[in-house]
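The lines below spell out each chain.
Protein chains: 2
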Amino acid sequence: MSAADTVIQDLQTELAEGRVITDADVARSLSRDQAAGAPAGEPAAVVRARSTDEVRRVVEICLRHRIPVVPRGAGTGLSGGANAIDGCVVLSLEAMSEILEINPLERLAVVQPGVVNDALRAAVAEHGLWYPPDPASSPWSTLGGNVATNAGGVCCVKYGVTGEYVLELEVVTGSADVVRIGRRTAKGVAGYDLVSLLVGSEGTLGIVTEITVRLRSLPSPPITVAGFFPSLVTAGTAVRAVGAAGITPSALELMDRYCLRAVDDWKQMGLTAAGDVLLLARVDDPEPTCTAHAETIVELFRASGACWAERSTDAGEADALFAARRLAYPALERLGPVITEDVCVPKGHVPEMLARIEALAARHGVQIANIAHAGDGNLHPLIIGPPDDDEDLWLRIHAAFDGILDAALSLGGTITGEHGVGLLKRGGLVNELSPTVMSMHRAIKAALDPAGILNPGKIFG
Amino acid sequence: MSAADTVIQDLQTELAEGRVITDADVARSLSRDQAAGAPAGEPAAVVRARSTDEVRRVVEICLRHRIPVVPRGAGTGLSGGANAIDGCVVLSLEAMSEILEINPLERLAVVQPGVVNDALRAAVAEHGLWYPPDPASSPWSTLGGNVATNAGGVCCVKYGVTGEYVLELEVVTGSADVVRIGRRTAKGVAGYDLVSLLVGSEGTLGIVTEITVRLRSLPSPPITVAGFFPSLVTAGTAVRAVGAAGITPSALELMDRYCLRAVDDWKQMGLTAAGDVLLLARVDDPEPTCTAHAETIVELFRASGACWAERSTDAGEADALFAARRLAYPALERLGPVITEDVCVPKGHVPEMLARIEALAARHGVQIANIAHAGDGNLHPLIIGPPDDDEDLWLRIHAAFDGILDAALSLGGTITGEHGVGLLKRGGLVNELSPTVMSMHRAIKAALDPAGILNPGKIFG
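Going down the list, the protein sequences come from chains A and B. Sequential numbering from 1 applies to the first sequence in UniProt numbering. Sequential numbering from 1 applies to the second sequence in UniProt numbering.
Note that these hints are calculated values from the structure, not bench results. Given the structure is predicted, the values throughout are model-derived calculations rather than measurements. Backbone N, C-alpha and C fix where the C-beta goes; we use that ideal spot for every residue, glycine too. Incorrect hints may appear among the rest.
No more than 20 Å apart at the CA atoms, straight line, and that leaves these computed lysine to aspartate or glutamate pairs for DMTMM-like [said to hold, decoys possible]:
(1) B:Lys-267 - B:Asp-319
(2) A:Lys-158 - B:Glu-164
(3) B:Lys-158 - A:Glu-164
(4) B:Lys-158 - B:Asp-319
(5) B:Lys-267 - B:Glu-317
(6) A:Lys-158 - A:Asp-118
Ranges of calculated distance between the beta carbons of each label pair, as one might list FRET restraints [said to hold, decoys possible]:
(7) B:Arg-216 - A:Ala-399: 36 to 42 Å
(8) A:Ala-355 - B:Thr-13: 51 to 57 Å
(9) A:Pro-435 - B:Ala-315: 41 to 47 Å
(10) A:Ala-123 - B:Trp-130: 52 to 58 Å
(11) A:Ala-399 - B:Asp-86: 56 to 62 Å
(12) B:Pro-450 - A:Val-26: 42 to 48 Å
(13) A:Pro-435 - B:Glu-60: 17 to 23 Å
(14) B:Thr-13 - A:Ala-399: 49 to 55 Å
(15) A:Thr-313 - B:Arg-216: 45 to 51 Å
(16) B:Ser-51 - A:Ser-434: 18 to 24 Å
Sequences are here, hints too, so could you generate the full structure?
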């Protein structure tokens, strides 16, 4: 019997019926995330766990056979972090999708890792509460995946990323122990901050089986301000002016002319006629501060050189102004596969970074459109891949990809603002972190996963 | 030559003149923090470093001789974390007190670890900026110490603790390497969150030599609301009502009747005549929201049963209302040495926790007064020690101390909300964390400090 067969047999013997997925198509669909260009191996087995104890058993079996376990949520990741390794067990947490507690007094919720981000938001909204982190994948991505990647989103410019909301975790360790780390209290410094260490560790230090998140009150209804600018420089000036005015918008998004053009080509919205760069700001302070801030932003946009700037007067209009932002990605996908970059630079360097991206696109003869969480300095250059399999173009795309990482690092930035390292950015990580810091990573990995079975080869080789 | 003599000789040879402190009184004063009742050993030497390279050399020398190095800031800690170990080198970072950069555009500051918290606040205020974390020790405590303990304070109920403001650290590791971890960007997920792991690690995983902190805009001028309540239950109801109204005050402090009486006995302010419990709330939203929230809090205090509740109408009055809070600690110290507890419980359990503390005081025949960051559920029971050295009373004080930790844990709380474990709470930590989580701590310690020379014996034995 092959090693794979033995593992499958143990899984089938020790887990309830139906947990081990044998359908080849389903197994294949659970063997990679949405990272274009990241390699994915052939798993020995795929398991859909339904409880912490089942997760623990899967890890125990993998530990016994010394084979890798690759945890996954909805598979919306963009760096290959959930991609299968040859001979591994892919462990899907999607079926652990219960909201276990919503506590309005303590302002927290306890969820299983398979709960979808938007489902949690909807459930807590019924109590007047809010879970802020809002990755673009929020209609599909799970809290477990959000925790594993420390997911960001549009509103983190004001409200922070996933890690700032995680209070407590239940985790299955590399030794197949179930542990609870963190706590439900508002504050606490008893021992090392293991929760923050696990958040963003992409399944390499433990498998999260329960998550307690902090909640906030629902914010006031937002006002959106849209501004079209003739250039990246004027838009950059506007972003800086908003910051200097002491206003913290709950979103400050940028779309460049390539995005606007793609949306126009598809939906004929006439965006490119209005300007080269679109800035979308959102404010959600209590009234009348909210209106005052929105009006100030309109003035600052105009004073910075906007061709046009207006604010929404109701929620419907605010939503309509964000429509172009939502359409950008599908509009670009019509042109070919989209390779999503995710660098983050000091805010003041956003215009320079955009200029360098433009130069890289020209040098390598590729198309690069830009969406950016401009208020955070977090840019998503979107490299449009070849519709047909042009090997030379792929080489040029990879050269542009690497060039973007290098440019971000040379501006004091990071290779990943919110998507994670996974497989795609392991080379970039080595350029960002010193050899000593890399060896600290390896030492921590060895300390918490001595057998090296938890998603090995992700983040670092 | 003794081991201590060899170390002193190496330090004197390899460091600039004047760095090794030979005056016995000065050395003794640098061998403990402010934790009453925590043991302190006799150091082999005390060094006052002036640069990262000097810190690196000290660690190198300690590594060579395999002797412990105990880093310290201003020594305002309350858990014995900076107390000397017999034969160790105490390494003071206090002289590394330069503010290296204040960057209004990126909203960050870069400081050496010896910069005093209030000095940083004052410096950034000149740029209209604000560093929120405000431990009570802010006039004296250093940023390095704040980072080592993940210090909290009054305003963290709205603005969060130290860790939420630390972007990047320069650290000397246990292998005497200088590393930079974290980044200056607003977001970043490249590799494990080593910054959060170091924050709050009490000098056991690395010695912080440079700190980059996130800044905010200065908040609006605050309004303070004071309310006197006839009982802990009515005050607890008021705290809950403020939360339920969706208001996030920037302070929500509680003082019990023992504190009020001590202040009255000293300053004759007539506080005890006004009520048994004082709640102090502060709001700092932009106007007119600020006034509206303050008025709502006054109404909620009254509706919850306050004997008296009013809001300040100017900054001077706001300050005056907080005067009793500031006087509480020195007023209690007049009665004997004060042993400061620091438990944190889920907010809803604050009244129950206060009741249990009262019962413990009665059972063990000791005096316990309470100050609490009520909005966070972070309580500081202040056990008044014997003015004369009554051994039996000390035993009863320790029994009450342990009883408070047990009560906090049984209510789902933690043994330390913001002061850290140090030496005083190592026993409590073992009760809070499972054996597996404790072994994860040890594994991480061994991974990052293989020689075990960095503040050994603190947090865990």
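Going down the list of hints, with the structure as the test:
1. B:Lys-267 - B:Asp-319: The given pair, whose Cα atoms are some 17 Å apart, holds under the 20 Å limit.
2. A:Lys-158 - B:Glu-164: Since the Cα atoms of Lys-158 (chain A) and Glu-164 (chain B) sit roughly 13 Å apart, the hinted pair holds (cutoff 20 Å).
3. B:Lys-158 - A:Glu-164: Given pair Lys-158 (chain B), Glu-164 (chain A) holds - Cα atoms ~13 Å apart, limit 20 Å.
4. B:Lys-158 - B:Asp-319: Measuring from Cα to Cα gives roughly 19 Å; hence the hint holds.
5. B:Lys-267 - B:Glu-317: holds (18 Å)
6. A:Lys-158 - A:Asp-118: holds (19 Å)
7. B:Arg-216 - A:Ala-399: 36 to 42 Å: With a Cβ separation near 40 Å, Arg-216 (chain B) and Ala-399 (chain A) satisfy 36 to 42 Å, so the hint holds.
8. A:Ala-355 - B:Thr-13: 51 to 57 Å: holds (52 Å)
9. A:Pro-435 - B:Ala-315: 41 to 47 Å: violated (52 Å)
10. A:Ala-123 - B:Trp-130: 52 to 58 Å: violated (35 Å)
11. A:Ala-399 - B:Asp-86: 56 to 62 Å: Holds: the Cβ-Cβ distance is about 59 Å, inside 56 to 62 Å.
12. B:Pro-450 - A:Val-26: 42 to 48 Å: Given a distance of about 45 Å, which is inside 42 to 48 Å, the answer is holds.
13. A:Pro-435 - B:Glu-60: 17 to 23 Å: holds (18 Å)
14. B:Thr-13 - A:Ala-399: 49 to 55 Å: holds (52 Å)
15. A:Thr-313 - B:Arg-216: 45 to 51 Å: Distance hint for Thr-313 (chain A), Arg-216 (chain B) is violated at roughly 30 Å.
16. B:Ser-51 - A:Ser-434: 18 to 24 Å: The hinted range 18 to 24 Å holds for Ser-51 (chain B) and Ser-434 (chain A), with Cβ atoms some 19 Å apart.
Hint compliance for this structure: hints 9, 10, 15 are broken, all remaining hints hold.
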